[in-house]
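*Asks:* Residue numbers (this note's numbering), protein chains in the order written: chain H, 1 to 179; chain P, 1 to 179.
Just so you know, the hints here were simulated from the structure itself, not pulled from any lab data. Cβ atoms here follow ideal geometry from the backbone N, Cα and C, with glycine treated the same way.
Taking lysine to aspartate or glutamate and the DMTMM-like style, the derived pairs with C-alpha atoms no more than 20 Å apart in a straight line are:
1) H/Lys74 x P/Glu127
2) P/Lys74 x H/Glu71
3) P/Lys13 x P/Glu71
4) H/Lys74 x P/Glu71
5) P/Lys74 x H/Glu127
6) H/Lys12 x H/Glu71
7) P/Lys12 x P/Glu71
8) H/Lys175 x H/Glu127
Among chain P residues calculated to face chain H with C-beta under 10 Å, some are:
9) Ala31
10) Leu38
11) Glu71
12) Leu72
13) Gly73
14) Gln75
15) Asp77
16) Val87
17) Ala90
18) Phe99
19) Ile110
20) Ala114
21) Ala121
22) Arg122
23) Phe123
24) Val125
2 protein chains.
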Amino acid sequence: MFLLHHLDQTIKKIKSQAANFITLVNLGLGAMAILFVLQNELRTSLLLITIAAVFDRLDGMVARKMNITSELGKQLDSLSDIISFGVAPALLLYQGILFTFGMPGAFFSIIFIACGAIRLARFNVTESNGFFVGLPITAAGCLLTLTFLLIDFIPAYHFMFITLILAFLMISSFKVKKV
Amino acid sequence: MFLLHHLDQTIKKIKSQAANFITLVNLGLGAMAILFVLQNELRTSLLLITIAAVFDRLDGMVARKMNITSELGKQLDSLSDIISFGVAPALLLYQGILFTFGMPGAFFSIIFIACGAIRLARFNVTESNGFFVGLPITAAGCLLTLTFLLIDFIPAYHFMFITLILAFLMISSFKVKKV
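Using the sequences provided together with the hints, build the complete structure.
*Replies:* Right under this line is the structure:
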């Protein structure tokens, strides 16, 4: 009887942490993507950010489906997002092309990360009403990551504009319906 | 009269954003530290993380002194801290020494970042009572950064232990009085 109760409690505990575990996988994939940028393995980094986006989608779904949404989960999600869809894509693009511009390239990468942080902070203190205000960082980060595939096809300076536009879309006040 | 009122409003707005601006400088310094790790300029990176720590100390002081603490500021602070004292120190140590261990070195760096995120998330959802629970990420990140100076003096495998111990101290439940 004691054992059954203990087992039940453990299962409940594991269930309540399932979404947070998926969030930490997202964070781990983002951090790994950064380490691959360090080793100049940029295509592996791109793949890892893409997988992180799948896990990011998954954790919210699991939390809602299992009815285990929590304030801690929300905080952890933001911290994972700034790594996987802020820092990782910015570094990928920097190492892929923006570094060729020297200081301005670095500056634009930092602006992207800073705007991502502002977007996440604002989102966390705003009541949800079925709309996103500004482009979500997951979307901006994934789009920036995918532009990496265009490096051989469009002029280098285009990437400066793309980075800046995506950064400003994150902190802009236009509304997108949540899906 | 209209101009004076407008000026007064603008000054109030700037004042209210002063602490957030300092927080964004902290984030910018952390992001720049990461870019310098990418270029293998590790000592510059170390310097930038140290300056970020000064700005991190400053934003809280300014917010309290000017009585402009805000929920948005708190969120932005966490997001800056995970970059400047989570990702940046972990990458600095990885590029400085941990990379020599291959996968385990990468794994330990990711563990450090993940524990930092858990520490920050937990801190944000816990009521303040004059104590920190677990080592604050700023302290852990700065200590990890400073150990970089020991690379020529102690055996390489020590850095694996140091990274892991600091990571676990962040998520441990020991209490430190706030200063």
